[in-house]
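J.: Quick mapping for you: the protein sequence lines, in order, are chains A and B.
Heads up: the first sequence at position 471 corresponds to 471 in the numbering used here, and the numbers run straight through without jumps.
Heads up: the second sequence at position 88 corresponds to 88 in the numbering used here, and the numbers run straight through without jumps.
What the hints contain is simulated information worked out from the structure, not anything from laboratory work.
Computed from a predicted model, the values in this text were never measured in an experiment.
In this text, a Cβ means the ideal position worked out from N, Cα and C, and glycines have one as well.
Take the hints with a grain of salt, since some may be wrong.
Stretches of chain B that chain A covers, calculated by requiring three or more beta carbons in the stretch to come under 8 angstroms of a beta carbon on chain A [stated by the list, open to error]: (1) 45-59; (2) 111-123.
As a list, the in silico DSS-like pairs of lysine-lysine whose alpha-carbon atoms are at most 30 angstroms apart [unchecked claim]: (3) 79(A) / 49(B); (4) 392(A) / 316(A); (5) 134(A) / 114(A); (6) 40(B) / 79(A); (7) 195(A) / 79(A); (8) 382(A) / 463(A).
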Amino acid sequence: MANILQEIEQQIAGAKRGVAKQNVGVVREIGDGVAKIEGLTDAMLNEMIDFGNDIYGIALNLEETEVGAIILGEYTHIKEGMECRTTGRLLSVPVGMGLLGRVVNSIGMPLDGKGPVKSDTLYPVEKIAPGIIKRRSVSQPVQTGIMAVDAMIPIGRGQRELIIGDRSTGKTTIGIDTIINQARMNRAAEQAGDKSYRPLYCIYVAIGQKQSNIVRVTNVLEEHGAMPYTIVLAASAADTATNQYLAPFAGAAMGEWFMDNGMDALIIFDDLSKHAVAYRQVSLVLRRPSGREAYPGDVFYLHSRLLERAARLSEKAGNGSLTALPIIETQLGDVSAYIPTNVISITDGQIYLETDLFYQGIRPAISVGLSVSRVGSAAQVKAMKQVAGRIKGDLAQFRELAAFAQFGSDLDAKTQAQLERGKRIVEVFKQPQYNPVPIEVQVGLLWAVQNGFFDDVAVDKLKDCQAQMSDYLTSRKPELMTKILKEKALSDALVAELKAAVTEFKQTYR
Amino acid sequence: MKISKEARHIARSLYRDSLTDGRLDESKVRTIASGLTAAKPRELIAILKTYERLVRLEIERNTARVESAVALDGAMQQQITAQLQQIYRRPIAAEFGVNPELIGGVRVRVGSDVWDGSVAHRLRELGAAL
Ligand SMILES: Nc1ncnc2c1ncn2[C@@H]1O[C@H](COP(=O)(O)OP(=O)(O)OP(=O)(O)O)[C@@H](O)[C@H]1O
Ligand SMILES: [Mg+2]
Numbered sequence: 001m002a003n004i005l006q007e008i009e010q011q012i013a014g015a016k017r018g019v020a021k022q023n024v025g026v027v028r029e030i031g032d033g034v035a036k037i038e039g040l041t042d043a044m045l046n047e048m049i050d051f052g053n054d055i056y057g058i059a060l061n062l063e064e065t066e067v068g069a070i071i072l073g074e075y076t077h078i079k080e081g082m083e084c085r086t087t088g089r090l091l092s093v094p095v096g097m098g099l100l101g102r103v104v105n106s107i108g109m110p111l112d113g114k115g116p117v118k119s120d121t122l123y124p125v126e127k128i129a130p131g132i133i134k135r136r137s138v139s140q141p142v143q144t145g146i147m148a149v150d151a152m153i154p155i156g157r158g159q160r161e162l163i164i165g166d167r168s169t170g171k172t173t174i175g176i177d178t179i180i181n182q183a184r185m186n187r188a189a190e191q192a193g194d195k196s197y198r199p200l201y202c203i204y205v206a207i208g209q210k211q212s213n214i215v216r217v218t219n220v221l222e223e224h225g226a227m228p229y230t231i232v233l234a235a236s237a238a239d240t241a242t243n244q245y246l247a248p249f250a251g252a253a254m255g256e257w258f259m260d261n262g263m264d265a266l267i268i269f270d271d272l273s274k275h276a277v278a279y280r281q282v283s284l285v286l287r288r289p290s291g292r293e294a295y296p297g298d299v300f301y302l303h304s305r306l307l308e309r310a311a312r313l314s315e316k317a318g319n320g321s322l323t324a325l326p327i328i329e330t331q332l333g334d335v336s337a338y339i340p341t342n343v344i345s346i347t348d349g350q351i352y353l354e355t356d357l358f359y360q361g362i363r364p365a366i367s368v369g370l371s372v373s374r375v376g377s378a379a380q381v382k383a384m385k386q387v388a389g390r391i392k393g394d395l396a397q398f399r400e401l402a403a404f405a406q407f408g409s410d411l412d413a414k415t416q417a418q419l420e421r422g423k424r425i426v427e428v429f430k431q432p433q434y435n436p437v438p439i440e441v442q443v444g445l446l447w448a449v450q451n452g453f454f455d456d457v458a459v460d461k462l463k464d465c466q467a468q469m470s471d472y473l474t475s476r477k478p479e480l481m482t483k484i485l486k487e488k489a490l491s492d493a494l495v496a497e498l499k500a501a502v503t504e505f506k507q508t509y510r
Numbered sequence: 001m002k003i004s005k006e007a008r009h010i011a012r013s014l015y016r017d018s019l020t021d022g023r024l025d026e027s028k029v030r031t032i033a034s035g036l037t038a039a040k041p042r043e044l045i046a047i048l049k050t051y052e053r054l055v056r057l058e059i060e061r062n063t064a065r066v067e068s069a070v071a072l073d074g075a076m077q078q079q080i081t082a083q084l085q086q087i088y089r090r091p092i093a094a095e096f097g098v099n100p101e102l103i104g105g106v107r108v109r110v111g112s113d114v115w116d117g118s119v120a121h122r123l124r125e126l127g128a129a130l
């Protein structure tokens, strides 16, 4: 009770103070979630505009006599002739640990019915990315748990790696698997009391997706125990274009909080193709001139300023990081369309998914030849480098040979052997969804492939053999696995131990 | 109404021609408006509307609408006018009016700037804060 009285007294004290200047405007035109406002001469770009009754807009177009503002939420309550005012605030969202485990919208309001979001800090949605001085190069890995990625397209903390492919090729699944693996590792480190492990928190931003899809993703994360380390930010297809346009920026603000506080976070933008469409819609109603494919001219800047916010900060700036995995959907594999080329040029590499591979049953359908990671290898665990260093080349060679072998010419024994090895590598990299493989097990398996331990296993039996070997390594050789994980490199002694273990397993396997 | 770039451009240059030493010149505005109507250029209505709007905004920028719950006496009016002059450093014409809805206090509007010292506004703020 006393608190309330104090609050009221504060309010009265505030009200007694001098009269503050306000800057107002009058709504001249309203439609499609955009208001044209006359006046508001003091409005700043991206400033929040107060329409009263808890309705806010954001000033996006500042013109000579007018301000164009996009409305957040219900714009049907806004009428022509209504007065509105500047607030002096930029659009901000709640950030902090309290958002983990929550599903929120573009302005950080809860969508999961679990009560208000606990947060005492707000971050502006639009923020200038950290400068060069504050950054350092990528040096710590993000373990996705997807063998093909961790072995051949390694991602580092602070990197921006694009996931690109046609519809329904497993793009979202790569992101979800990565989140599930982080939860697994975060929890393991927590339970072991390992203070040296830097947990990686995840933010999944769903833009313009069907509501049912978002529910499905959230359920999967829940089932796999990933929600305690994850924030889901959803602006579904049913949301306004404005909210879809803001969603990735709001997510980036939440990620930046972790980075600024010396922690690591990973953000997935699913997907930026739909984001570009939402932005095009906003721009069209704001009557901005449009360019290629009817996108506004600054759509490149839109995505580059968003992705620039991913960074690895220097020791002095707190050592935090924000990793970004933007997703782009292509049409019939066309990467030369406007938005795909833009985002490819902004990111540090891409994971390219192919429909053909997907339907051949090679899942995840990663095209090894077209996928690259430009900075991640600096962060790859040494043990993985030792076993996977040559594998990308081997696979590429296999593809060539396989095409050649189709012509049915006689093959010499060496080529034959290469082909057989190649088939097995392809098989080893097939991986069901939501089944991340710990990095130490990956190292063991790849070492076994490279050293011919799978050569005498029939290709159609290989998955079974691989699964049993994984089991064997995790349940029967946990000390060896822990050693690989801790030492992060394969010493001669470890190789000998690994060899013994794999040989032992092979004797029991039939 | 969609106004073409050209119409907007013409309106803007006519508006610039309506100024004398940076201030709106009433006689020029009259001449331009009637001249324009007589000349009947393409998009006459659009040009006129845009021109009118620019003129109106300029007038509003130089006019203070002072509202109070009860009529202000001459001394009070003079004090407010002098204060506005000081803030804007340009001549501001003040128009005074009575608006009982304010309950008490004064509300001043110049262009898009508003100083709201009315009791009604303070009550609203108090309500919103609680
Ligand atoms: N590694 C995998 N193994 C088996 N099935 C998979 C794998 N990855 C994805 N799938 C299946 O493929 C389908 C498409 O996956 P996903 O939704 O991840 O693709 P997407 O590219 O994000 O699709 P969309 O274009 O609809 O966003 C899903 O039914 C998913 O279960
Ligand atoms: Mg998807």
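J.: Look at each hint and say if it fits the structure.
T.: Here's how the hints hold up against the structure:
Counting residues of the stretch 45-59 of chain B whose beta carbon lies closer than 8 angstroms to any beta carbon of chain A gives 3, which reaches the threshold of three, so the coverage claim holds. Coverage of the stretch 111-123 of chain B by chain A holds [criterion: at least 3 residues with CB-CB distance below 8 angstroms; count 8]. At roughly 21 angstroms between alpha-carbon atoms, residue 79(A) and residue 49(B) fall within 30 angstroms of each other, so this suggested pair holds. Straight-line distance between C-alpha atoms of residue 392(A) and residue 316(A) comes to about 36 angstroms, which puts the hinted pair past the 30 angstroms bound.
Restraint check for residue 134(A) and residue 114(A): the C-alpha separation of about 37 angstroms exceeds 30 angstroms, so the hint is violated. Between the alpha carbons of residue 40(B) and residue 79(A) the distance comes to roughly 34 angstroms, so the proposed pair goes past 30 angstroms and is violated. Distance hint between residue 195(A) and residue 79(A) is unfulfilled; the C-alpha atoms sit about 56 angstroms from each other, more than 30 angstroms. For the given pair, residue 382(A) sits about 26 angstroms from residue 463(A) by alpha-carbon distance, which is consistent with the 30 angstroms threshold.
Comparing the model with each numbered hint stated earlier shows that hints 4, 5, 6, 7 do not hold.
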